[in-house]
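*Asks:* If you read the protein sequences in the order shown, they are chains P and D. Numbering-wise (the working numbering), the first sequence opens with residue 1 and increments by one. Numbering-wise (the working numbering), the second sequence opens with residue 1001 and increments by one.
Just so you know, these hints were derived from the structure itself, not from any lab. Please note that a few of the clues may not be correct.
[Stated by the list, open to error] Below, computed lysine-lysine pairings styled on DSBU-like, alpha-carbon distance capped at 35 Å:
id, chain 1, residue 1, chain 2, residue 2
1, P, 119, D, 1140
2, D, 1140, D, 1115
3, P, 119, D, 1116
These are the residues of each chain, in order.
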Amino acid sequence: MIIQTIAIFHDAYRDLADRKLFWITLILSAVAMLGFAGFHADDQALTYFGFKFPDLSIPSRILYKHFFSSFVIGFWLTFVSAILALISTASIFPDLVSGGSIDLFLSKPISRLRLFFTKYLAGLLFVFIQVSLFITLAFFVLGIRSGSWKPALFWGIPIVVCFFSYLFAICVFIGVFWRSTLTAIFLTLLFWGICYSLSLTELILLNVRTDAELTLNRLNMQVDTYDKRIARMQPTSQPGQPPSTQPEPRLLADFKATRERLAAEQHESVSSVATWKRWHGIFFSVKSFLPKTTETIALLDRILVSREETAELMPEHHGKSTSKPVHDEFEPPRARPEIETQNKLRDRSVSWIVGTSLLFEAVVLSLAAWIFQRRDF
Amino acid sequence: MGASSLAIDLRSVAKVYKGRIHALRGIDMKVNRGEIFGLLGPNGAGKSTLVKIMTTIVRPTHAEGTILDNPIGHKPTLGRVGYLPENHRFPRYLTGRQTIEFFAALSNVDRPTRKKRADELLDLVGMRESADRDLSTYSKGMAQRIGLAQAMANDPDLIILDEPTDGVDPVGRRDIRNVLLRLRDQGKTIFINSHLLSELEMISDRVAILVQGQVARQGTINELTITDQRYEIEVASHDDAAQLRQRIIQSLPAIFPAPHSTMDLVGTLAAGHKITLRTPVLSISTTDPAHIQELLDSLRRGGLVIRRIQQLRPSLEELFIGTVELPQQRPGFPVTVPPPLPSASIATPPSTYSGQNPVAPPSLK
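Using the sequences provided together with the hints, build the complete structure.
*Replies:* This is the structure we're talking about:
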């Protein structure tokens, strides 16, 4: 059993090493990483091959991490590298199930299910090798150029492999079902696009919903404040009260009018919150059943960039405005919905993000394995 | 429990595709251990389906019986089976040696054993020189030799070969035949599915002919042709054909009593055996030499010279065509039959293969 498994993995490596795309991806990754190595961050400034970035009122080390997170992780590993990996590995199952090839495998003393899952894992070998080399390089570049030695970076390997496994499961299912590499690549990219769009829509709706909820909270506080003030300003009938404490009728009327306006806004806001909550709930529910590609990759952000550092990158935090907003009891401070949204996203548990995604992957793989097990070749 | 004398014992093997296409209609087939068994049949007869069922590539609709004493579909048994599929596609990035070692590993052969075995097999199939070249640089014949080697990589008890000489040149075919005969001598059972009837005829101990998903005939070639075996007597003369024909008829008045004008004369011996004259050859439907002695005497008494006496049986090709054409003659049994091959009923010198076989020629085995 071990002999067979090692043989299949060894064969998968030979197969990958024989593909030009494997080496092209590897070289491109190295070039991208070396390009990133041009950045240098210290306490004073962020430079790129000696060119000093203008002062953006963001600490240079945080900006450096942000570049790393958004370019290296977000763009290269999640997008370019993943597409190249998909193109490289998409043919594994269509090739396996093609006539003349599958006969050689199935006629050996290895069960179909074991063959299927071993081949599946062997397919992930491509991404594992690529990401491992890339992350190792990134670890040294990050450490040498910014002085930030982060062993946690190596979490990127399981995270990216996990993220890719969602897509690869779809690719395998299509490959087994249609036996066509091109169809597998096209439909997997389409599926990925759908997942991404759904995730983006859910994020926008969450942002809008959070904004609406924050507005409602603020209105609640304001109405409450006005209610208390109005209650204190009501004329008392108690004998012996000094006239100076009696409210001015005009001020009281203004307060009441404002309170009514706020109450109307509050009423509208309740309705708005309910609407956004409902729409967000729908998208969130749908998303719950699908793999969370964006959020899985964002897990690495959680490890590399803290909440506070994320908040510092928000536009409002490092705006150029010199005048500080003045708050009083009638105008409570406005919370920033972007930060709240980011916090909500970060509050989503790893087990939910990865667990539900892996559950989806398990279902898709089971279906593909069932077809593979039942089919006459 | 001791091993059965049967390597393959199939009973009622049936396969229906999509609920309506009956590829196999209940196959019963027995293959003895240590023999070379040939599977024949026209296109669409179900040969490949049967082979694929035996190797678990296709799941049977119904199957009973055993392969190497284990039920059909028993995966661990495949560790003792070697298989070379038709139109195989080996990974192009492997070398010949790596191919043998890889498929040996899939059969659970440990590393030292498969290294040693790969060397032996490369020698056996004559591929030692090209062993470390990529398969993508191989000719079809070379790939076929490597395919044969990988089928033997696990030192199997049963070797199933689907068109093993496909794309191989005549010298290569002879080499492969010799390898198979050596394997048989070592006690291996070899099951061959091939369209090359002449190849099968040379090495098969027994054959089965599949027609429309059923075993139409099964047995040794001798058993299957016993009823069609015959003696041929060729008469020599300086006369022209018409005169010779007349002299033969005159020499055998009891057999050909009346004057005839047709080319082929048909008569009957005293023992009831059919005799046909196609000048200058007399063909007698019998396997008993005693039945032709009186005939020979009569010819000699008529002043005729006997050039050749030969016991013949139909070739495998004739047997095959005769078998696949039979269903066509049955009402309600439509069958697509390949166009008949040129008749080979005219005897030729025994040293030359022409579609008709002298009985049990020692040079063929």
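*Asks:* For each hint given before, does the structure comply? Return the numbers of the non-compliant ones in rising order.
*Replies:* none
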